[in-house]
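Chain by chain, the residues:
Protein chains: 2
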Amino acid sequence: MRTFIIKANEAHTRPDFKLSDLPGTSGRIDILCRFLNSAFLLSHGFRKNVRAWLLLYGPPEPPKAIRFEGSRLKVRLNPDERSTARLIMKALKAGEGLREPGKEVEVYPGLYVSNRTFEDVIRLTLKNSALYYLHEEGKPVEEVRFPTNVAFVLGDHKGLGPEDEMFLDGIAERVSVGKKSYLASHVVAYINIFLDSLPNPP
Amino acid sequence: MRTFIIKANEAHTRPDFKLSDLPGTSGRIDILCRFLNSAFLLSHGFRKNVRAWLLLYGPPEPPKAIRFEGSRLKVRLNPDERSTARLIMKALKAGEGLREPGKEVEVYPGLYVSNRTFEDVIRLTLKNSALYYLHEEGKPVEEVRFPTNVAFVLGDHKGLGPEDEMFLDGIAERVSVGKKSYLASHVVAYINIFLDSLPNPP
Chain G
12 MRTFIIKANE AHTRPDFKLS DLPGTSGRID ILCRFLNSAF LLSHGFRKNV RAWLLLYGPP
72 EPPKAIRFEG SRLKVRLNPD ERSTARLIMK ALKAGEGLRE PGKEVEVYPG LYVSNRTFED
132 VIRLTLKNSA LYYLHEEGKP VEEVRFPTNV AFVLGDHKGL GPEDEMFLDG IAERVSVGKK
192 SYLASHVVAY INIFLDSLPN PP
Chain U
12 MRTFIIKANE AHTRPDFKLS DLPGTSGRID ILCRFLNSAF LLSHGFRKNV RAWLLLYGPP
72 EPPKAIRFEG SRLKVRLNPD ERSTARLIMK ALKAGEGLRE PGKEVEVYPG LYVSNRTFED
132 VIRLTLKNSA LYYLHEEGKP VEEVRFPTNV AFVLGDHKGL GPEDEMFLDG IAERVSVGKK
192 SYLASHVVAY INIFLDSLPN PP
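As they're listed, the protein sequences go chains G and U.
Under our numbering, think of the first position of the first sequence as 12, with each following residue one higher.
Under our numbering, think of the first position of the second sequence as 12, with each following residue one higher.
In isolation and in its complexed conformation, chain G is listed as follows (with noise of 0.2 Å):
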């Protein structure tokens, strides 16, 4: 089971922005539709051993996370941004007037969104998995030994903050694809592809 999980400072939580100008109207809701592409995106297939959180930060009703869940999940998640945005949309809408902090709101099958904090979410992962930080100046992913369960946070074009990575310390191991900056959806790309050549791939 792999886990990615991704902070996005400046992404909208609420359905406000344009579909024909996401980087520009949605605090570039864009990136996350990339990294939902990576994370369960094969040719001709899907990722049902797959968890991605979205965590979003920006105006105007900070936090929102929504989950997709790979295994249960019954909406077509479709390669092009578009599409992928639309269904965060549709998450955002649904999580609208959500007061509670812990209940999430099913979207569809598989798909829900919750008022659950970056916190919340890395606390409840692990529970059931080991956690990675990729960052540029952590270990290399070749020199690690992956367990059953896995779970990467990963930060949006800002990265994370140094709250976020100090509440990191001591419960997530740094781990590193490269020593260059990529973008997050090319890591997640490449943790995927590289995880399945593992001998025992999580």
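It is possible that some hints are incorrect.
You can't tell identical chains apart in this list, so a pair holds if it fits in one copy or across any two.
Calculated lysine-lysine pairs in the DSS-like style (CA-CA distance at most 27 Å, straight line) [claimed, not checked]: (1) K85 with K191; (2) K85 with K104; (3) K59 with K114; (4) K190 with K104; (5) K29 with K101; (6) K114 with K138; (7) K150 with K138; (8) K150 with K190; (9) K169 with K85; (10) K85 with K138; (11) K59 with K169; (12) K104 with K191.
Please keep in mind that the hints were generated in silico from the structure rather than gathered at the bench.
Please arrange chain U on chain G, whose structure you already have, making use of the hints.
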């Protein structure tokens, strides 16, 4: 120097598609947009040592060859699909009415369009690069010794046909990033990150 070549069997060769529905109206030019994103983009950076060729073979005027030359590109390549599709549209518009097979039109500095065929582009590339065909059954990239100038050939969602494969036999080494069938953009992201990790990256 890294060259990435993709043959898109159904990609439209005139700008007759809708930016608001790339998968449905363009013959999957969305695939080419994500391919370019993976070929060129770093987080807050751009790979100048990359050349990308899009070989479009869809209706109504195949073939069209679009070349993105990283070292000279003056127009901004943004990460989102829609703005990249707009560049492809501009190139196709500039290529309308082109008759001479060998003539290349400069759309912007570093962006060119021509009527070159897949075979033309492969022959041209062979002059200064070692050629690799990315294929599930190829030699693992980890076992390949890559020279300074490398070129990778990929298919789109339909893959390359038997004629293309026959043409590549003997001139391109089959190399693989894994046994599964991956999306072109994921393969290119993997290859770029993998090449970066080599002692003398191409």
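Here is how each hint holds up against the structure:
In this assembly of identical chains, K85 and K191 lie within 27 Å of each other by CA distance solely across copies; the values are 23 Å between and 36 Å within a copy. In this assembly of identical chains, K85 and K104 lie within 27 Å of each other by CA distance solely inside one copy; the values are 18 Å within and 40 Å between copies. Taking the closest pair of Cα atoms, K59 and K114 come within 27 Å of each other only inside a single copy of the chain (24 Å); across copies the shortest separation is 47 Å, beyond that limit. In this homomeric assembly, K190 and K104 never come within 27 Å of each other (Cα to Cα): the closest approach is 39 Å inside a single copy and 40 Å across copies.
Taking CA atoms no more than 27 Å apart as the test, K29 paired with K101 passes in both settings, with 13 Å inside one copy and 23 Å between copies. Proximity of K114 and K138 under a CA criterion of 27 Å is satisfied intra-copy only: 18 Å inside one chain copy versus 61 Å between copies. In this homomeric assembly, K150 and K138 come within 27 Å of each other (Cα to Cα) only inside a single copy, at 23 Å, whereas the closest approach across copies is 39 Å. Proximity of K150 and K190 under a CA criterion of 27 Å is satisfied in both settings, with 10 Å inside one chain copy and 26 Å between copies.
For the homomeric pair K169 and K85, the shortest alpha-carbon distance between copies (25 Å) is at most 27 Å, but the shortest distance inside one copy (32 Å) is not. When the C-alpha separation of K85 and K138 is checked against a cutoff of 27 Å, the pair qualifies only within one copy, where the shortest distance is 26 Å, while the shortest distance between copies is 49 Å. Proximity of K59 to K169 under the C-alpha cut-off of 27 Å is restricted to the inter-copy arrangement: shortest distance 23 Å between copies versus 29 Å within a copy. With identical chains, the CA atoms of K104 and K191 are never at most 27 Å apart, being 37 Å at best within one copy and 36 Å at best between copies.
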